[in-house]
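*Asks:* Residue-level listing of the chains:
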Amino acid sequence: MQVFKADVVIVGAGGAGLRAAIAAAESDPAQTIALVSKVYPMRSHTVAAEGGSAGVVQAHDSFDHHFADTVTGGDWLCEQDVVDEFVRECPREMVQLEHWGCPWSRKADGHVNVRAFGGMKIERTWFAADKTGFHILHTLFQTSLRYPSIRRFDEYFLVDLIVDEGRAAGVLVVEIASGEFTLIEAGAVVFATGGAGRVFRENTNGGIVTGDGMAVAYRHGVPLRDMEFVQYHPTCMPGTGLLFTEACRGEGGVLVNRDGYRYLQDYGLGPAEDKPRNKYMELGPRDRLSQAFWHEMQKGRTVDGRYGPVVHLDLRHLGEARLHERLPQICELAREFMGIDPAREPIPVRPAVHYTMGGILVDGGCASPMPGLYAAGECSSVGIHGANRLGSNSLAELSVFGKRAGEAAMRYAREASRADSARLLQLAEAAATPARALLTGDGSERIADIRREMAQSMEEGCGIYRTGERMQATCDKLAELAERYTRVRLTDRSSVWNSEWLLAIELGYQLEVARAMAHSALLRRESRGAHQRLDGFEARDDVNFLKHTLSTRAADGVPQISYQDVKITRSPPAVRAYGAAQHAAEQAAQGGAV
Amino acid sequence: MTGQTKTVAVLRYRPEQDEAPVWQEYQVPYGDDTSVLAALNYIKDELDGTLSFRWSCRQAICGSCGMMIGGKPQLACKAFLRDYPERVTVEALAHFPIERDLVVVMDGFIDKLQKVKPYLIPREMRALEDGEYLQTPEEMDLYAQFAGCINCGLCYAACPQVGLNPDFLGPGAIALLHRYNLDSRDGGQAERMEMINAELGVFNCTAVGYCSEVCPKMVDPANAVNVNKMNSARDYFFRFLRPAPKQGGCR
Ligand SMILES: Cc1cc2nc3c(=O)[nH]c(=O)nc-3n(C[C@H](O)[C@H](O)[C@H](O)COP(=O)(O)OP(=O)(O)OC[C@H]3O[C@@H](n4cnc5c(N)ncnc54)[C@H](O)[C@@H]3O)c2cc1C
Ligand code: FES
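Going down the list, the sequences are from chains A and B. Mapped onto numbering that gives the first Met the number 0, the consecutive letters of the first sequence carry residue numbers 0 to 593. Mapped onto numbering that gives the first Met the number 0, the consecutive letters of the second sequence carry residue numbers 0 to 250.
Calculated from the structure, these hints are not laboratory results. Computed from a predicted model, the values in this text were never measured in an experiment. Glycine is no exception: its CB is placed at the ideal position from the N, C-alpha and C atoms. Mixed in with the good hints, there may be bad ones.
As the list claims (entries may be wrong) - In silico DSS-like pairs for lysine-lysine, Cα to Cα no more than 27 Å straight-line:
#1 A:Lys120 - A:Lys274
#2 B:Lys71 - B:Lys116
#3 B:Lys43 - A:Lys476
#4 B:Lys71 - B:Lys43
#5 A:Lys4 - B:Lys114
#6 B:Lys114 - B:Lys228
Unchecked claim - Here are some chain A residues the structure puts well away from chain B; computed CB gaps all over 10 Å:
#7 Pro28
#8 Arg42
#9 Glu97
#10 Gln328
#11 Glu335
#12 Gly364
#13 Gly442
#14 Ala447
#15 Gly535
#16 Arg569
What the hints assert, rightly or not - Some but not every residue of chain A turned toward chain B, in silico, with C-beta under 7 Å:
#17 Gln95
#18 Pro237
#19 Leu241
Please take these sequences and the hints and turn them into a complete structure.
*Replies:* Written out as C-alpha cells, the structure reads:
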C-alpha cells in the first residue's frame, strides 16, 4: 500500500471540493492539500448544471427576500441562522468567481445579468448562458492550478474513511488505473462527493452521482439528515431523464397538457398570464410543479409518450434568436436526442429525480459530529434546503460552503495532533479487506440486477407521491437487496481500470443511501415539500414534524431514525403559498402589520 | 427499442491478458434514440461486465466519453446507432496510449492544459468589495466560443501533428490559451506567448482543420491555432524592432 501524508484531504473535485481546496490553499499555503476525485475534476457533475447560481444584486432585491424565498421554498425545514449567513455570502462568492474568470452573462453596460428562477421573488440567478455549472467548474478547476500546494489525485476512488479514536484521520483510496490502494493521512478530511440521484431510475444525474461520501460517513456512525427529501425536477427528457433547465421557464417557457391548457393554474399557482411572473405558474417551486404533473396524469390529461405520460414544454413563442442566445444547450439536447427543434415544436417532458436535499449532517461551519470530518455541497446537509431546494441555491452553496469547509478543515488540521502512522496503516489494511473480498467473491448475484431492482423500487416507493404501504415495500425490498449484495459475483477480476469492481463498490454505497431515504420517508407521517403522502398524512404537521430526520446506521445495516429540532430564528412556519394566493397572503400580512 | 439489434464491434485491450488489441462483437438492441454510450452500458450490464470505458453526464458536457466511432473521434453519448446502417466500430481515441479497452491515458493531455496558464491573470487588480470587472457582451463574444471547450480530447485524436509528435501542445490547449488571451479582463498574454513560440507550439500545425470538424462544441480550435500563428510571427518579428514587452503588459 502506498502512503501519502497530507494536511487536509478533500474527497470530491466538483464545485464544492475545488472551492474547498482553493480556500484551504489560500488560508495556509504551507500546508499540503490532497484533492481526490474518481473522475478528472472537470467531469464532476457540477458540469451539468445549466440554469444558474443565486446571489442578491439588484437594488430592489434584499437578503431578506432571498432568505424568505429559501425558507418558504424549504417548507420551513431550513436552519434559519445558516440560511441568513448563506444569503449574505452568496453575492461576494459570485463576484469571486467572476474575478477568477467565470464568463457570467452580461448586460449591455458590462454588468452581470441575472435571470428569474422558480420560487424566487426577484431575479437573482447569475447565469452563464445555459452552461452555468460547466463554466463554474472549469473556472474553479483552472484557478486551482495556481496553487502548488494542491496535490491532485485524479481518478482515485474513495474506499473508506480512516477513523482513529473517533477522529477522521485520512482516507483509503484506490488508483483506478492500477487497482492499487493508497492511504492518504491527513489532519482533517472534507467530503464533497455530490448527491445520490442515481439510486432512482429516471434521473438527471451523471453516472458518478452515487452517494459515495454519504454512505462512507454513514457507515462510520455519522448521521444522514433529511434523506427523505428528494427533488423531482418537473421538466426532464422522457427515457433518459436529461434535464431541460428551469431557465426555460425563467425565460418564458410554458407547460401545457394534452388540451394545450396551462394546467398549473388548477394547482394554486395561477392565474395564467402571458408574461412570466416570479413565483407564479411555471415559476412556482419544483415540488409543486412535479406534483401538478402527477395529478394531471391521474386525471388522464397528459399526453401518451413512448416512455410514458408527458406534458409539453412550449418555448416556441420565445423565437429562434433568443432560444439560441439564452438556451443553446437546450436546443442542442432537444435536437440531438429527440429530433425536435424547440423553436418549432413543443418539447415533451416529465419529472425525474434531480437533487438530494439531505446528506451528511454538518453545522453551519460544515463540521460533522465526527471531529476532523467536514462536508460541503450536495453530499452535505448544512440546512439551507429544508424540504425542497430552490433552483440556483445549490451552485451558490458550493461556493459559500465549499470555502467554509476548506478553511475550517485547514484550521482544524493545523491544531490537531497527528495520529500514529503505523496504526493508520493497520486501519487502512483492514479497511481494504472488504473491497478486496468483493473482487474475488464467488456468489451468484449480478450487480446490474441489484442496481436495476433498487432504482425501480425507489421510484415505486419514494416517488413524487408516497404511501406507507409502498414505502414499507421499498424498505423490505432494499433489505433483500442488501442481503443479496453480500453474494455478488464479478466477472472482472483484473486490476487495471476494473470499472466493474468500482460499480460494485458504488452499488454498496447506493444501497446504504437508499435505505436511509426509504426509512426516513416511511416514518415522516406528514406531507412537506418534496415528501408528499396520500395515506391520511396529506397535511403538514408542525406539531409533530417540524423536525429534521436523522438516520443513523445500526450494526445490522438497518437505519435508526431519530429527530432533531429545526432552528427557527425569525420566520415562524406559515402557509406556503404561490401565485395569487401568495400575493393575497402577503397583502393580508402587510395589512395586519399596519 | 424496436426489438432489432445491431452489431457493435469494440476494440478490446486488457493489458493483463491481451498482447495486442482484439476486436469483439456484441449484438445490441436499439431504437432511434439509442446512443453509442447507451449501447456500451447495455453491453456492460447485460452481456460483458469486463468492458471498460469512461462516461458520466450522458449529455455531451463532461467530456469523458471521447472514442473512435466508425473511425471518427466522437463523444459516445452524442453518437447514435441509428446513423450506422449495419454495424458500428468503437475504438479507443486515436493518438492516446490505450490504458484498457476504450480508456486512454489522459495524463499528457491534462498536463498540456495545465501548462498554458489557463486562468485569469488580471490586467488590473480589483477588490471583491468593488464588485465585478465590467465586460460588455461584445467583449465576451470574442472569447466565449473558446471557453466552451469540454476537454474531451477529440481534437487531439483528429490532429495529424499530435499523431506524429505527441509533445505538440495541440489544438485544445491552444484554444484554452487563446480563450484567456482574448478575455478583456486578462493581462497574461505575454506570459502565455512563451508557450506559443516554443518549439512545440503553434508552428507544428499544418492547418488540416480536422480538429475543428470533430469538435462537439464548435469551439473551432483550428481558428485559435491560426490566430496564434499570426501572433507568434508578429511577436517574433517585433523582437528585432523593439525590446520584448514586459510581462503582463502586452496588448
Ligand atoms: C442536470 C443538473 C442541473 C443542475 N442545475 C443547477 C442549477 O442551474 N443551479 C443550481 O444551483 N444547481 C443545479 N444543479 C444542482 C447542482 O449542480 C449540484 O447540486 C452541484 O453541482 C453538486 O456539486 P458538488 O460539488 O457537491 O458535487 P459534484 O459536482 O457532483 O462532484 C462530486 C465529486 O466527488 C467525487 N467523488 C464522488 N464519489 C467519489 C469517490 N468514491 N471517490 C472519489 N471521488 C468521488 C466526484 O469525482 C466529483 O469530483 C443541477 C444538477 C443537475 C444534475
Ligand atoms: S458522458 Fe459526458 S460527454 Fe459523454
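*Asks:* For each hint, tell me whether it holds in the structure or not.
*Replies:* Against the structure, the hints:
no. : hint                : result
1   : A:Lys120 - A:Lys274 : 15 Å, holds
2   : B:Lys71 - B:Lys116  : 30 Å, violated
3   : B:Lys43 - A:Lys476  : 24 Å, holds
4   : B:Lys71 - B:Lys43   : 22 Å, holds
5   : A:Lys4 - B:Lys114   : 26 Å, holds
6   : B:Lys114 - B:Lys228 : 18 Å, holds
7   : Pro28               : 16 Å, holds
8   : Arg42               : 4 Å, violated
9   : Glu97               : 4 Å, violated
10  : Gln328              : 7 Å, violated
11  : Glu335              : 6 Å, violated
12  : Gly364              : 21 Å, holds
13  : Gly442              : 14 Å, holds
14  : Ala447              : 4 Å, violated
15  : Gly535              : 39 Å, holds
16  : Arg569              : 27 Å, holds
17  : Gln95               : 6 Å, holds
18  : Pro237              : 10 Å, violated
19  : Leu241              : 5 Å, holds
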